[in-house]
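The hints should help you fit chain H onto chain D, whose structure is shown.
Number of protein chains: 2
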Amino acid sequence: MGSGEVTDLGEGSDNTPTLSEIARAAGVSAPTVSKVLNGRTDVAPKTRARVEEQLRELGYQRRRSTAQPSRLLDLVFHELDSAWAVEVIRGVENVARAEDLSIVLSESAGRLTPGQTWVDGVLARRPAGVVLVLSDLDAGQRNQLTSRGIPFVVMDPAGDPADGVPSVGTNNWHGGLAATRHLLELGHRRIAMVGGPSGMMCSRARLDGYRTALETARIPVDPRLVREGDFHHEAGYTAGRELLTLPDRPTAVFAGNDLQALGLYEAARELGLRIPEDLSVVGFDDLPLARWVGPPLTTVRQPLVEMAETAARLAVDLGRGRQPAATRVDIATSLVVRSSTAAPPA
Amino acid sequence: MGSGEVTDLGEGSDNTPTLSEIARAAGVSAPTVSKVLNGRTDVAPKTRARVEEQLRELGYQRRRSTAQPSRLLDLVFHELDSAWAVEVIRGVENVARAEDLSIVLSESAGRLTPGQTWVDGVLARRPAGVVLVLSDLDAGQRNQLTSRGIPFVVMDPAGDPADGVPSVGTNNWHGGLAATRHLLELGHRRIAMVGGPSGMMCSRARLDGYRTALETARIPVDPRLVREGDFHHEAGYTAGRELLTLPDRPTAVFAGNDLQALGLYEAARELGLRIPEDLSVVGFDDLPLARWVGPPLTTVRQPLVEMAETAARLAVDLGRGRQPAATRVDIATSLVVRSSTAAPPA
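Protein sequence lines correspond, in order, to chains D and H.
Mapping the first sequence onto full-length UniProt numbering, position 245 (from 1) lands on 245, and the numbers just tick up by one.
Mapping the second sequence onto full-length UniProt numbering, position 170 (from 1) lands on 170, and the numbers just tick up by one.
Isolated chain D (complex conformation) (with noise of 0.2 Å):
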């Protein structure tokens, strides 16, 4: 592999090191050097962690004439089984087409961060950026990048990007007012809520959002009504089957996500819930199945297309050298009623 590689040899003409200065500090060959930065794995880990140290050290930044990037945009997913993937895939895409790149997509298969297998494999087919979706790179990882003058953009709907990480998301905490207070306004007071992880900032965002609405309502929040999912369909099936046997069961439930609005309905078909009459439920996504359900679901959309349009953008204009404005977007929600919601039962 190594495609088109540069041995970038000459005088380090703009304050940053040769790759023979590198060699001499790391104690190896050049060709050893150019090995590493290439992302070939024919070098021994040591080896490698000492050339890595030295590029760190001595602030090697690859020269940007000396290297074309390819013709490719790396996408990496936190993970696929989510039916927005494709919502996010469909925005890149329409990037890629346009400056006529190809996407290389990865899993980080529900890690994190991305293994050392897709760092050494960016490395070697050197894409003209790269964007993290709901995933994000360790500080080794940025530094290998960035050393390699690769940009990347963190798809942060989880809206918890590292510091100086350029990074396009959306106003959590805005959706999750908007859909309580839809909610109130129909004459709701006892509110559910299913959020998702608590480990994401998103599920958090969204739930803040929930109780500032019921709370600036002067409705203390119960909180036997708010239950972590998972924002799986089964976790909403879960906890609505939970939410709705109880003794005073709520008369809506803001569900978190799409998918587990859907968890939701059939909760409250198998009990025989009619959903707006006995129960009304609200999401978040606003997923194209959200108006083929039946009743069609009032969510809060939550722009994934021009998310990934806007993040997949970013990426290539910093591999062109230009400056965002902000590295932190935030793209706004909005409400979007259809008929799952209506007045509580007299």
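Derived from the structure by calculation, the hints contain no laboratory data.
Don't be surprised by glycine CBs; every beta carbon is placed ideally from N, CA and C.
Honestly, I wouldn't trust all of these hints.
Unchecked claim - Derived, one-sided and incomplete: chain D residues facing chain H with beta-carbon distance under 7 Å:
1. 80
2. 85
3. 86
4. 90
5. 93
6. 100
7. 102
8. 104
9. 105
10. 106
11. 107
12. 121
13. 233
14. 262
15. 269
16. 293
The following block gives chain H in isolation, referenced to the frame of chain D:
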């Protein structure tokens, strides 16, 4: 680009011509032939065409040992905006992960063959294999990939593979038969069908299965009950509005696929018809959402993940020089009975 280009100027020991011989025949230099082989775009189109012609005429075949494929696997979709794209990606990703490959994702943007830009990219990045979904290569593109030793497989739920092209499909005819027989066994006699585009062989196969089921039950096919859709939600809705307002409306509909079934759900809801009490609906695909809609959808399961796994595995194996037992693999469908089908109203 041009990852690890080989110039391959040695003897043509295994009957394949050398680059020099091709260069002579095409009246160009050997480096120009090398550029064309490696998908470089800095060659005039006319020159390129001349070289491609000689590669074909002289039967050039890249020797396996001379060019290591990259750690990439190309995946091309006809269009990405379908809920089942994620299922396919997951299947390919399962194989990619096991083989330590990354997926390069492309969309042929509704065209049935990918464009020249894509072909150039593939020749340059030299993937371990190519999987095409509902998309095919034209004869020239096939020749270009074959001469460079890049294997390709069509994942072809449409059921219309080109001669000799390795492909993985499913038995659409049998699925259509099973869906319709299920409705007949419940006692339905007025059974409508909303098919897919008539240009796709999978649509025709499902429709033929439907017809055969009716004919073997000695029920004449009523052409007013057969509609053509495009496999999207809206088509199911439109056909549903028409079918369900007929004076002698059907008591059951085989919807062609799951998304069209959801369109039928919506039409039925609007017209105040209950599923399954007033109307039975059967889908095709068994997307995750089929379980989540209300009522959960009876559908024909098309094992998309397994099909994609099989296609990706086949491409990887071909790249290693293993010849498959069969160039066409069909994976069986199965009927999944849920709650959207019941006996017709008395």
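These are the hints, each one checked on the structure:
Interface restraint check for residue 80 of chain D: the shortest CB-CB distance to chain H comes to about 6 Å, inside 7 Å, so the restraint holds. For residue 85 of chain D, the interface hint holds, the least distance from its beta-carbon to any beta-carbon of chain H being 5 Å, beneath 7 Å. Because the beta carbon of residue 86 of chain D sits about 5 Å from the nearest beta carbon in chain H, less than 7 Å, this interface hint is met. Because the beta carbon of residue 90 of chain D sits about 6 Å from the nearest beta carbon in chain H, less than 7 Å, this interface hint is met.
At a threshold of 7 Å, the smallest CB-CB gap from residue 93 of chain D to chain H is about 6 Å, leaving the interface hint in force. At a threshold of 7 Å, the smallest CB-CB gap from residue 100 of chain D to chain H is about 6 Å, leaving the interface hint in force. About 5 Å separates the beta-carbon of residue 102 of chain D from the nearest beta-carbon of chain H, less than 7 Å, and the hint is met. Hint on residue 104 of chain D holds. Least Cβ distance to chain H is approximately 5 Å, under the 7 Å limit.
Hint on residue 105 of chain D holds. Least Cβ distance to chain H is approximately 4 Å, under the 7 Å limit. The interface hint given for residue 106 of chain D holds, since its Cβ lies 5 Å from the closest Cβ of chain H, which is under the 7 Å cut-off. The beta carbon of residue 107 of chain D comes within 6 Å of a beta carbon in chain H, closer than 7 Å, and the hint placing it at the interface holds. This hint holds: residue 121 of chain D has a C-beta 5 Å from the nearest C-beta of chain H, less than the 7 Å allowed.
About 6 Å separates the beta-carbon of residue 233 of chain D from the nearest beta-carbon of chain H, less than 7 Å, and the hint is met. The interface hint given for residue 262 of chain D holds, since its Cβ lies 4 Å from the closest Cβ of chain H, which is under the 7 Å cut-off. The beta carbon of residue 269 of chain D comes within 5 Å of a beta carbon in chain H, closer than 7 Å, and the hint placing it at the interface holds. Restraint check, residue 293 of chain D versus chain H: the minimum CB separation of about 6 Å is within 7 Å; hint holds.
Every hint from the earlier list agrees with this structure, and none is contradicted.
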